[in-house]
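J.: Sequence:
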Amino acid sequence: MEIPGIRTWVIFYLISFVVLLWAAFLTLNGTMLWVSLMLVIVVVGINFVTVYNQIKLQASRKALQKNLTKNIGKDSEMARDDRPQH
11 MEIPGIRTWV IFYLISFVVL LWAAFLTLNG TMLWVSLMLV IVVVGINFVT VYNQIKLQAS
71 RKALQKNLTK NIGKDSEMAR DDRPQH
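For the sequence shown, the positions run 11 to 96 when my numbering is used.
It should be emphasised that the hints constitute simulated quantities derived from the structure, not laboratory data. Heads up, a few of these hints could be off.
[Claimed, not checked] For each label pair, taking beta carbons as the anchor points, the in silico distance ranges come out as:
id: 1; residue 1: 16; residue 2: 79; range: 20 to 28 Å
id: 2; residue 1: 31; residue 2: 70; range: 29 to 37 Å
id: 3; residue 1: 40; residue 2: 18; range: 31 to 39 Å
id: 4; residue 1: 50; residue 2: 18; range: 19 to 27 Å
id: 5; residue 1: 55; residue 2: 78; range: 31 to 39 Å
id: 6; residue 1: 52; residue 2: 82; range: 43 to 51 Å
id: 7; residue 1: 21; residue 2: 58; range: 15 to 23 Å
id: 8; residue 1: 95; residue 2: 18; range: 51 to 59 Å
id: 9; residue 1: 58; residue 2: 31; range: 52 to 60 Å
id: 10; residue 1: 79; residue 2: 40; range: 55 to 63 Å
id: 11; residue 1: 56; residue 2: 92; range: 51 to 59 Å
id: 12; residue 1: 42; residue 2: 79; range: 48 to 56 Å
id: 13; residue 1: 17; residue 2: 96; range: 51 to 59 Å
Values in this document were obtained by computation on a predicted structure and should not be read as measured data. Glycine included, each C-beta is placed from N, C-alpha and C at the ideal position.
Construct the entire structure; sequences and hints are all you get.
T.: Following this line, the structure appears as structure tokens:
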């Protein structure tokens, strides 16, 4: 599976990790528990949607590639040979 823009993915997951660390810090302090829970839910939700969309995109690319290459080589077997015979 080709992963386009590896730098983008690294930045995305680093930001997600920082948000989860901030949520853990808020939980350990005992203040704003609902904020930390909301941060965790948002980060996990965004990660799930992003990965799901990437899987769908990869599947559609694979289907397109299969559709474009399904008839390659079949025409040459059935076509008449135009080359001069020796």
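J.: Any hints this thing doesn't respect? Which numbers, in order?
T.: Violated: hint 9 alone.
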